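Protein chains: 4
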Amino acid sequence: MASNSLGRIFRITTAGESHGAGMGVIIDGCPAGIEIDTSFIQKELDRRRPGQSSITTQRKEGDKITIQSGVYEGKSTGAPILMLIPNEDSRPSDYDQVEQAFRPSHADYTYHQKYGTRDHRGGGRSSARETVNWVAAGAIAKMILHQAGIKINAAVSSVGSIQVEIPISAFDWEFAEQNPVRCPDPSTSISMLTLIEETRDSGDTIGGTVTCVIEGCPAGLGEPVFHKLHADLGHAMLSINACKGFEYGSGFEGSKMRGSEHNDVWSNADDGMKTTTNNSGGIQGGISNGMPIYFKVAFKPVSTLMTNQNTVDTAGDAVIIKGKGRHDPCVLPRAVPIVEALAALVLVDHWLLSKAYQ
Amino acid sequence: MASNSLGRIFRITTAGESHGAGMGVIIDGCPAGIEIDTSFIQKELDRRRPGQSSITTQRKEGDKITIQSGVYEGKSTGAPILMLIPNEDSRPSDYDQVEQAFRPSHADYTYHQKYGTRDHRGGGRSSARETVNWVAAGAIAKMILHQAGIKINAAVSSVGSIQVEIPISAFDWEFAEQNPVRCPDPSTSISMLTLIEETRDSGDTIGGTVTCVIEGCPAGLGEPVFHKLHADLGHAMLSINACKGFEYGSGFEGSKMRGSEHNDVWSNADDGMKTTTNNSGGIQGGISNGMPIYFKVAFKPVSTLMTNQNTVDTAGDAVIIKGKGRHDPCVLPRAVPIVEALAALVLVDHWLLSKAYQ
Amino acid sequence: MASNSLGRIFRITTAGESHGAGMGVIIDGCPAGIEIDTSFIQKELDRRRPGQSSITTQRKEGDKITIQSGVYEGKSTGAPILMLIPNEDSRPSDYDQVEQAFRPSHADYTYHQKYGTRDHRGGGRSSARETVNWVAAGAIAKMILHQAGIKINAAVSSVGSIQVEIPISAFDWEFAEQNPVRCPDPSTSISMLTLIEETRDSGDTIGGTVTCVIEGCPAGLGEPVFHKLHADLGHAMLSINACKGFEYGSGFEGSKMRGSEHNDVWSNADDGMKTTTNNSGGIQGGISNGMPIYFKVAFKPVSTLMTNQNTVDTAGDAVIIKGKGRHDPCVLPRAVPIVEALAALVLVDHWLLSKAYQ
Amino acid sequence: MASNSLGRIFRITTAGESHGAGMGVIIDGCPAGIEIDTSFIQKELDRRRPGQSSITTQRKEGDKITIQSGVYEGKSTGAPILMLIPNEDSRPSDYDQVEQAFRPSHADYTYHQKYGTRDHRGGGRSSARETVNWVAAGAIAKMILHQAGIKINAAVSSVGSIQVEIPISAFDWEFAEQNPVRCPDPSTSISMLTLIEETRDSGDTIGGTVTCVIEGCPAGLGEPVFHKLHADLGHAMLSINACKGFEYGSGFEGSKMRGSEHNDVWSNADDGMKTTTNNSGGIQGGISNGMPIYFKVAFKPVSTLMTNQNTVDTAGDAVIIKGKGRHDPCVLPRAVPIVEALAALVLVDHWLLSKAYQ
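Protein chains in written order, with our numbering: chain D, 1 to 358; chain V, 1 to 358; chain P, 1 to 358; chain R, 1 to 358.
Chain D extracted, bound-state conformation (with noise of 0.2 angstroms):
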């Protein structure tokens, strides 16, 4: 069924398989008159792009990206703009152990059950190789956001059980984009590297998380009681591959608290109407309430293993496989740009959609 859309008034549609020809992705809606600056989006491929660093995966993609359409001499038209990225250096070949294989925690034997037939080639649509579609309209997405003055930045907050300690106010934002882990906090960078680098050197992999804050949302963005706009970001970040979980505000946590202690006084400060403290993560009732906005994903460890794995074949029977291919030990230093790119799309489909009824 029609699924590979996001967005209701800015909607992405998207296309393409890990080892095909290539992805593809069209932005309708996007508004007339923006100034498209191929070199951010090109940027914030890159800090997606695989190989980027001695703990991502080896796969070389320039991840150039061609716009087909919807810009005109530099800006958007208001057509819908399309955007091509080829895949340059698959390898179907890697893949040849696990055509009739179903790998553990892949969604090899989902997609058997229900196409019937899959393009096993690199896990086909199911990789994460289509997280480039959406980094890519994100950038643009963030191009129209910045005008608004509203800025997403992630970082990685945990890897395996390191956390970062500091609180989110203290994250240093470019140190994170510095580092090969994406960390925001030096003292805790260190040991993350480390524990991703062992990780790798013994075939195994580790999950973790991203926490992203938004800064500079007005109030009144969000619908009751469908379109929260905390249930749309939720259902962008839950839409990641490898995506386990996402809490927003006090999160977990704040179930175990009572209301005296998580409740947000509100004061009217010289600057405006504040909350003393952010439990509620910027949103309430669904609704931006001019505070800052941040929320956390988890992430398992990647599925793909170089080690021996026991699994099952399509004719039923038991066979041990192996990763060969080019894999991430831990996906979440590439994981933060795709985390903002969907907050981005979420964003400025309701930002535009808040207009309409001003």
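Just so you know, the hints here were simulated from the structure itself, not pulled from any lab data. All values reported here derive from a predicted model rather than from experimental measurement. Be aware that a few hints might be false.
[As the list claims (entries may be wrong)] Derived DEER-like restraints, expressed as beta-carbon distance ranges:
1. Gly216/V with Gly62/R: 40 to 46 angstroms
2. Gln147/D with Arg91/R: 52 to 58 angstroms
3. Pro292/R with Glu99/D: 55 to 61 angstroms
4. Thr307/D with Gly33/V: 36 to 42 angstroms
5. Gln52/V with Glu215/P: 37 to 43 angstroms
[As the list claims (entries may be wrong)] Covered stretches of chain P (in silico footprint by chain V; criterion: 3 or more residues with CB under 8 angstroms from a CB of chain V, positions within the stretch not fixed):
6. 15-21
7. 29-43
8. 73-84
9. 301-313
A virtual CB, placed ideally from N, CA and C, is assigned to each residue, including glycine.
Please build the complex by placing chains V, P and R on the supplied structure of chain D, with the hints as guidance.
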């Protein structure tokens, strides 16, 4: 913006405010020929009803449902089913003091900012009274799923810091329905109850989590990439009032694991393909794999306290408010049927959609 | 499948059957702060009401509307507006004879085939009673458009072969409302009335067309390529019971013309850009151009005749049926407010959408 | 606003401008396992292609399609199918003169007003070049419908005032494809051709109608009340460039009839339930009844003339323009495959949806 609908081909659209004339829901896309057992709908509503025990709000709502359309001679006709539930025990005057005040961690300020006006009576549209619509519609979804062999159960898995420690497979669903906390573990239920009572008696409130399990779901439900089954479940759960987080399968804990520990190994048992563990939570690549689906939903403590709280009014002046009205010290027990109802609504939509492609 | 909704951000969802408990409509996406004039809604319903003249069905429906939600202290709150209209004068027994028979050119056979069951009483969901929902919702749409300076008028432009020959600019809208045929041309109204009366007296029915004109619509409404303004209008009009065709601007006549004759030449008049002719019907490339929008809707004759007709019953046997019940010999006069209502619903949706991009 | 998608579960999303890099379409929701015959897609594109005869535009477009995704080893995988068609023979300089002028009855002025900017080259997004996307996607829809026994044929039923007078049942579909006008009646085709040639030679253009017939459609397709089969067909047809009207079954002529003349009487023939006449056009109450579906689409004359026309430029000054470029004197012959393609897209969506409820 139109945002009070959930679902794609089996879709509900809802209306109503806490202290208005009543609630209403239209189910659009219900298959024809379903026997509509109104006593079952009523039973589900009774599970959500206020006043059902000493630890729920004492508001007295009969929640008697009327089916206005779409059912003829006891069976669905394929036409939209409009159900009405009147508000009987509304006491708008309980809210006079907050007509001008923004209650902490409620949606008062955000509705005010978004709409320029608000129905302050009991939160108006932002009230959890809305969930009565979902439970009524969910009851019909459950009837359909029942025929398809899909069974949905939820229970309270934590209150504050008290957690159910037994595995999901040991949950006692019958017991859960028989104790006021809806805890699936007899040994934990007493301490949970004590905690809620203590909290209530101190005028405070407390949060917790609900765990939901879906059994009998065939492999193949869920749609890549933006209608993954868990993403649609997450979106629905995050739409519940006071929800702060959603995780499925291994969830946030899974983010701390290594791949070798987390991967679910396939085995071809006598009774078909199974995974030996179920960290995937029954969903891989966004598609059900035939194993039990399970997820957890985090709820913050209720924002209305029976103690004094500082806040600000619409004029920007500091004021002190104190809950009147009748409120739950802990929403968890009543959240159980709500979680189940939304899960049923998501499942039935995906189940029907999957048939289109068979 | 969910299909009882119209509109994208201002969306109605409807329910109800001809001889069930009543009708209901939810407006989702109505802006907050709109003064809801219930007497105007009632007035619009009265224009559609059965029994308003000697040439309409004698079914007696007060069509008294109740607003259940979404309006507080006389103004819309931004929450969904649920309106209910009870069925007061239903006489299901009038339809006993057709419980097993498929009435010619009704939806009896198709509903039976699609749903395996049907509510035969007065056509159930396929009845034009549904349109009461649209007129109620359309009244609120008109209130919003009124503030935006957009004015919608419709009138009967033909009955059978009798056509209004005066140009649209000469239509007398006030006169249209004062004669039972709703003909905008005094000289034609008498012959139309006579034709309808003759037809009625012979137990027969007759078709005709309604022409609708939208004035004050700013340039820029409508969305390429699959939500062109005229395509959305056409879709809405073709949703009306008994509708057989839709054309806008020059319409089918335009297909006979040469380009040199058909093209609308631009001129820059003192009062802004105008075309010297308006074969475009105020819409070019699917987008309003600031000129009056006009379109025509064709209705077939009512299928229920007061004479004997051959048909087949559910057992496949030949039977003879004859209309009982109370039916219109010509739907055209009552179709006028329905056409206007749907036009208003389409326009308000596009008008709000256009604001999102300003 | 996002509006470049058609369909609900089988949905296309399109992009591209007349004189940009090329066109692209994503089909989302194509069932897995369909054999994708690219030579058939190409054949359909060739039917729409410019330069195919002396009475079509001489623009030379190979319209060679590339399938980027969603097809593996010759079969659909269930993943979105992205197809690209490059623009090879674009000549943007042909449009230099209209960069500042608003061409009469084109979308120049409305795009300018809506977007504040426009890609003037050949109409940009408003060009009928877009329809190449529809024909490519429609070809795949036809392959699916073919397996379901549903057959779609269209032909030119009038050019200017010259109309095909034979009944639809006598249409010669093979002949239609063999004459340049795509007229289904040999005796009329010559006079149509002569008329088009005369019109072309005088630098003028002419309109006409296309009639489409759908055979083999089972009873039960179409959804009350806002996705009636004919309303969805009408919506799709009205999305075609230059379309001015849509009617199905008896259409506008039906509005002149009496009920006793118009009603289609059911009879239970040896080969099942049939109506003795088919004024309903195969659709009753918005749902297919098993009889042939037929409808007619009106097209205005092409707006670009090879003669001088007065108009106004963006500065508001009067200017004279004259078509350069390469244009069709009559779009009708090339509209035939476009009408068929959209009909196929609407039908396949409804056909899949109907399966969800079986």
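Check: Can you give the numbers of the hints that this structure goes against, from lowest to highest?
Finding: 1, 2, 3, 4, 5 and 9
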